[in-house]
Structure formats: structure tokens, C-alpha cells
Amino acid sequence: MLSFSHSIAQSIEVVELLGVLAFAFTGIIEARKKAMDLIGVYTVSMMAAFGGGTIRDLLIGNYPLYWITHSGYALTLLGFALASSLLGAAFYDNKLVNNAFEVFDTLGLGLFATVGANIAQQSGCDFYISLLLGTVTAVFGGVLRDIVCNEIPKVFHRNELYATCALAGSFVFLVSIQFGLANLAAMLFGVLATVLLRYFAMKYRIRLPF
Amino acid sequence: MLSFSHSIAQSIEVVELLGVLAFAFTGIIEARKKAMDLIGVYTVSMMAAFGGGTIRDLLIGNYPLYWITHSGYALTLLGFALASSLLGAAFYDNKLVNNAFEVFDTLGLGLFATVGANIAQQSGCDFYISLLLGTVTAVFGGVLRDIVCNEIPKVFHRNELYATCALAGSFVFLVSIQFGLANLAAMLFGVLATVLLRYFAMKYRIRLPF
Amino acid sequence: MLSFSHSIAQSIEVVELLGVLAFAFTGIIEARKKAMDLIGVYTVSMMAAFGGGTIRDLLIGNYPLYWITHSGYALTLLGFALASSLLGAAFYDNKLVNNAFEVFDTLGLGLFATVGANIAQQSGCDFYISLLLGTVTAVFGGVLRDIVCNEIPKVFHRNELYATCALAGSFVFLVSIQFGLANLAAMLFGVLATVLLRYFAMKYRIRLPF
Numbered sequence: 007m008l009s010f011s012h013s014i015a016q017s018i019e020v021v022e023l024l025g026v027l028a029f030a031f032t033g034i035i036e037a038r039k040k041a042m043d044l045i046g047v048y049t050v051s052m053m054a055a056f057g058g059g060t061i062r063d064l065l066i067g068n069y070p071l072y073w074i075t076h077s078g079y080a081l082t083l084l085g086f087a088l089a090s091s092l093l094g095a096a097f098y099d100n101k102l103v104n105n106a107f108e109v110f111d112t113l114g115l116g117l118f119a120t121v122g123a124n125i126a127q128q129s130g131c132d133f134y135i136s137l138l139l140g141t142v143t144a145v146f147g148g149v150l151r152d153i154v155c156n157e158i159p160k161v162f163h164r165n166e167l168y169a170t171c172a173l174a175g176s177f178v179f180l181v182s183i184q185f186g187l188a189n190l191a192a193m194l195f196g197v198l199a200t201v202l203l204r205y206f207a208m209k210y211r212i213r214l215p216f
Numbered sequence: 007m008l009s010f011s012h013s014i015a016q017s018i019e020v021v022e023l024l025g026v027l028a029f030a031f032t033g034i035i036e037a038r039k040k041a042m043d044l045i046g047v048y049t050v051s052m053m054a055a056f057g058g059g060t061i062r063d064l065l066i067g068n069y070p071l072y073w074i075t076h077s078g079y080a081l082t083l084l085g086f087a088l089a090s091s092l093l094g095a096a097f098y099d100n101k102l103v104n105n106a107f108e109v110f111d112t113l114g115l116g117l118f119a120t121v122g123a124n125i126a127q128q129s130g131c132d133f134y135i136s137l138l139l140g141t142v143t144a145v146f147g148g149v150l151r152d153i154v155c156n157e158i159p160k161v162f163h164r165n166e167l168y169a170t171c172a173l174a175g176s177f178v179f180l181v182s183i184q185f186g187l188a189n190l191a192a193m194l195f196g197v198l199a200t201v202l203l204r205y206f207a208m209k210y211r212i213r214l215p216f
Numbered sequence: 007m008l009s010f011s012h013s014i015a016q017s018i019e020v021v022e023l024l025g026v027l028a029f030a031f032t033g034i035i036e037a038r039k040k041a042m043d044l045i046g047v048y049t050v051s052m053m054a055a056f057g058g059g060t061i062r063d064l065l066i067g068n069y070p071l072y073w074i075t076h077s078g079y080a081l082t083l084l085g086f087a088l089a090s091s092l093l094g095a096a097f098y099d100n101k102l103v104n105n106a107f108e109v110f111d112t113l114g115l116g117l118f119a120t121v122g123a124n125i126a127q128q129s130g131c132d133f134y135i136s137l138l139l140g141t142v143t144a145v146f147g148g149v150l151r152d153i154v155c156n157e158i159p160k161v162f163h164r165n166e167l168y169a170t171c172a173l174a175g176s177f178v179f180l181v182s183i184q185f186g187l188a189n190l191a192a193m194l195f196g197v198l199a200t201v202l203l204r205y206f207a208m209k210y211r212i213r214l215p216f
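Protein chains in written order, with our numbering: chain A, 7 to 216; chain B, 7 to 216; chain C, 7 to 216.
Since the hints were derived computationally from the structure, they do not count as laboratory data.
A few of these clues could be false.
Below, computed lysine-lysine pairings styled on DSBU-like, alpha-carbon distance capped at 30 angstroms [stated by the list, open to error]:
#, chain 1, residue 1, chain 2, residue 2
1, B, LYS160, C, LYS209
2, B, LYS101, B, LYS40
3, B, LYS160, B, LYS101
4, C, LYS40, B, LYS39
5, A, LYS39, B, LYS160
6, C, LYS39, A, LYS160
7, A, LYS160, B, LYS160
8, C, LYS209, A, LYS39
9, C, LYS40, B, LYS209
10, C, LYS39, B, LYS39
Please build the complete structure, drawing on both the sequences and the hints.
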């Protein structure tokens, strides 16, 4: 049982890294569209990947920040930004990459939402604020990315549900914890809720009614 | 006397809530103009209402943040954003609401400026920095709102004095404290200064000479 | 020896003030271009001068912020913004000022990069994160300035190396420390690296290859 939850924990770490990469990838694409150089591409990808968690941690005073004490993430993104520069359009204008992109972006959305809600709750936030901060963790990297690229954040007028899926994931996670589920199980339910809602939203073009 | 200052304190809480709602309202209007959905409207209204105080608290390390430990505010704004969505244009394109809006926005400006200066001073800031942070508390919610809506912040090229009124309110509050006045009295003088200056600025179209 | 390093420390303080003024100056020019009033000019110049260090300190939780406990800086910038308003275009459309500007901006870039890397390292960050935070200290004031002026940050698509020069300065500083050099010597080497690279980048129009 221990080794089972251990391997789940490891899987989560792997998927989390893939989520970080997917978010960084959105930053690289956006920065390239604006004809930024390597410095710009790297900065925007860092903001997209770590911006949401950083804003959450600043709001609750949760020091030290994860990416500051684990510099491997920032170095990985540097390699990623360099690769995107060397490969050019081939890096992102690529069907395989684009399909993988949606999958990891959605997994990242769910993971960031549940991890964010978990951290907020453990630092003493109540249900509703934890719900908000889980969603902030998942979507504010994209908000920072769009602000620095001089765009109105896409998450505020999406064609299909996006932030709502992160909200749903945080909600399911927090309710599962309330019902006494173990952290890992609650997290898996939360990610599942995000992924399913996002899948149906994209398939049937579901958007907020107002 | 105790019950008198108690009822003043309660009145301040009521006016503060109205100020929060007025600031949130500016966020709702701005977000609607940009055709944002409910998520966008809610986020922008939260930023407009709590952004100034949050920036002040991050700058002085004043944890935990007020709106994070008092989730009732964030829930109230959710109801407010929902109402604006259900009522549509009728919600804000409405003469009664618009007149009330200017009154509460000005009261909120004065209250946020004096409360902000007070918090800064109590955390050890000197006169000038408290003056600045009082003004930041009052106007940076609007700055965040405009940045996220992809506009140059209106407060930086107002037709009539606006940030200056917050500055005046902070100044009068801090000087009153210096002269030994009680907190509540100093606050009332500060709010009065903001309201009067804003009233005359709007009536006679007073603007900064440069 | 003590008095020698003492006079170096004093020289650094003088150059640092000149760097702060140069950065503030970029904010004044940008804000004037957008027809902002005195409030806007002052705010943007404060962001340009203190934004980078403030973001670094928020990210590592390094309280209290320097400009909050040393209000003389904020007051100096107020005088600076007022002078720019009274003198108008004569203040910045002026050959002497413009030549001095490039010199101080480059010195400021180098100083902020080395001081930033130093503070990050002393608060426990490893080599790579200190390198990043040194660069953030040097260039994120300009990023905030451009965001609030509704522009894509110039540093992300410079014609000649700019952030790269700050990065080089941080790098040389951190390597010198690694090799056991005294703080002041390492700082001088770091600033020298920034200045030289920036000089050659401007002279030969060197830019990032991608």
C-alpha cells in the first residue's frame, strides 16, 4: 500500500512536470507570436508556468517559493526555451506536439488546481478561499503571460470553459477532503473532474451562459 | 462614549462595505465593456476592490491578508457579479445606480486612503511612506483593473483630481494623528478632506496643472 | 584598507543613487510620452526605479523593503518628477542629459544586477536562482514601467543586448564570490562586465541570435 501510494506520488510528480512544461509551452508560443527574443521567451514561459503558484504563495505568505528552492525547474525551462529557439516554428507548429499540448495543459490545469487548493487549505484558508486560490494557481500563470504580452487575459473570455474546469477540480478536491478521503484520492478525483469537464466543454463547445 | 465610538466603528464598517462594492462595481463595468464572461467579471471586480489593500500588505509584509481571512467579502462580490450578469445592462446603465456609484466611490476612496495610511503607520512606516501607501490602497485596485483590461490606468491621466483626493485624505489623517487626535476622529477628518476635494474637483473640473 | 573599502562603499552608494535616478528617468520619459499627469509620472518613475528590487524581495520574502524604510529615495524621486513637470521637454530633450542618461542607466543596470544577485545569495538561493534574481532586479523595473504604460516590455525584444548585460554582470559577480573574492571586488568586476558588454553591444549593434 505504501509503495502503491509512493508510485502514485511519483506519477503525480511526473505529470506535474509535464503540466509545468505545457504551461511553459503556452508562454513560448505567445512570446514567439510577439517576436520576442530568447530573454522574452524564457521570461514569459517562466511566468506562465510558475506565475499562478507564485501569486498564491505571495497572497498567503507561503515562503520559500517552490521554484526558488528547486532551481531544477527553472533550468529545465531554460533548456526548453533554448530548444524552441533552435527548432523555431518546427517546435510548436507540429501536429504531434499540438495534440500532446492539449492533454498536458488539461492535466496541468487539474493538478495545479488541486495542489493549489490543498496548499491554501493547509495554510489555514477556509473552503471558499481555498477554492479561489486553487483556481488562481491553475489560471493566473496564463493571466500574467497575457498581460506581459499586452493582451486581455484569454481566460476571461474563453470560448469553452477553462477556468471553470479548474474551479470544478478544486471544488471536487475540497469536498472529497471534507468527506474524509485521503489526500491522494481527493487529488485524483479533482484532476478527473477537471479533465472530464474540459473534455466535454471542448467537444460540445460549452461556454458560460453569461 | 464607548457606545458612541462603537456605533461610529460600525458605521465605518458599513461605509467600507459600500466602498468595496463601489470599487467592485467599477471592475464589473470595465469587464463588461471588454465583453468578459462571469469569470472575468468576478476576477476584475475582486482586483478593483481588494487590489489596493493587497499591494499595500504585500509591500509591508502585513499577513494574513484581510480578504483571505474574511471570506464573506469575496462571497459577497460573487453575488454581486452574478447579479450583474443576470440583470445585464439594467444593472449599471441606470441613473439611480450611477448617482449612488459616485457617492460610494468617493467615500470608498477616502476610507481606503485613511485606513491604508493607518495600517502603514502602525506597521512602522514613516509619515511620507504612510502617505504614499494610503494613496496606493485607495487607487491601485483601479490600476490593476485597468492593466488587466489592457488600458493605461485612468488614474494617471484623470480629467479631475482623483488620486490627489486620496492623497489629501491620507495627509489630513496622518497630520491629525500627529496632533494627538483619536484614530476615529482623524479618520473622519481624512474622509471629509477626500470627499470635499473630490466634490469641488468634479464641480469646477479641477485637474493637476501638469 | 578599511577607509579604502569605506570610500568604495560610499562611491557605490553615490552610483546607486545615480542608477536609481537613471531608471526613474526612463519612467518619466515613458509616462510623459503617454501624456500622464504628475501622479502618473511619479508612479511610473517609482516603478521603474524600485520595481525590480521590490519583485526580488517579494519573491524571497526579504522584508522590510529598502525604499519603505529609507523614504529619502521616494522623496528624491518626487522632487525629480516635479522638476520634470516644471522644466517640461527641456528636462529630457537635452543632449547633455541624454548622454549622461545612457551612462547612468548602464551603471545602474550593473549595480542592480550585482546587488540583486548578492541579496538573493545571502538569503539562501543557489547559483542559478541568484543569477536569475540579479537579472530580475536590474530589468523588472523597466518591465513594470512598460506594462503600466500598456506596451510590450522593451527588454523582451531589444535591438541591442540589455538584459543579457545584467545577466553577465550577475554571473561574473557570482563566479567571483565562488572564487573567494571579497564582496566589493566581486561587485566591481560584475559591474565592469555589464558596462563593457553593453558598450560593445551598443557600438557593434550586437543582439541575441534568436
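Here is what the structure says about each hint:
1. B:LYS160 with C:LYS209: violated, 39 angstroms
2. B:LYS101 with B:LYS40: Roughly 22 angstroms separates the two Cα atoms, so the pair holds.
3. B:LYS160 with B:LYS101: Holds, at roughly 22 angstroms.
4. C:LYS40 with B:LYS39: Cα-Cα ~22 angstroms, so holds.
5. A:LYS39 with B:LYS160: holds, 28 angstroms
6. C:LYS39 with A:LYS160: Between LYS39 of chain C and LYS160 of chain A the Cα gap is close to 28 angstroms, so the pair holds against 30 angstroms.
7. A:LYS160 with B:LYS160: holds, 22 angstroms
8. C:LYS209 with A:LYS39: holds, 29 angstroms
9. C:LYS40 with B:LYS209: holds, 26 angstroms
10. C:LYS39 with B:LYS39: With Cα atoms ~26 angstroms apart, LYS39 of chain C and LYS39 of chain B stay inside 30 angstroms; holds.
Going through the hint list in order, the structure does not satisfy hint 1, though it satisfies all others.
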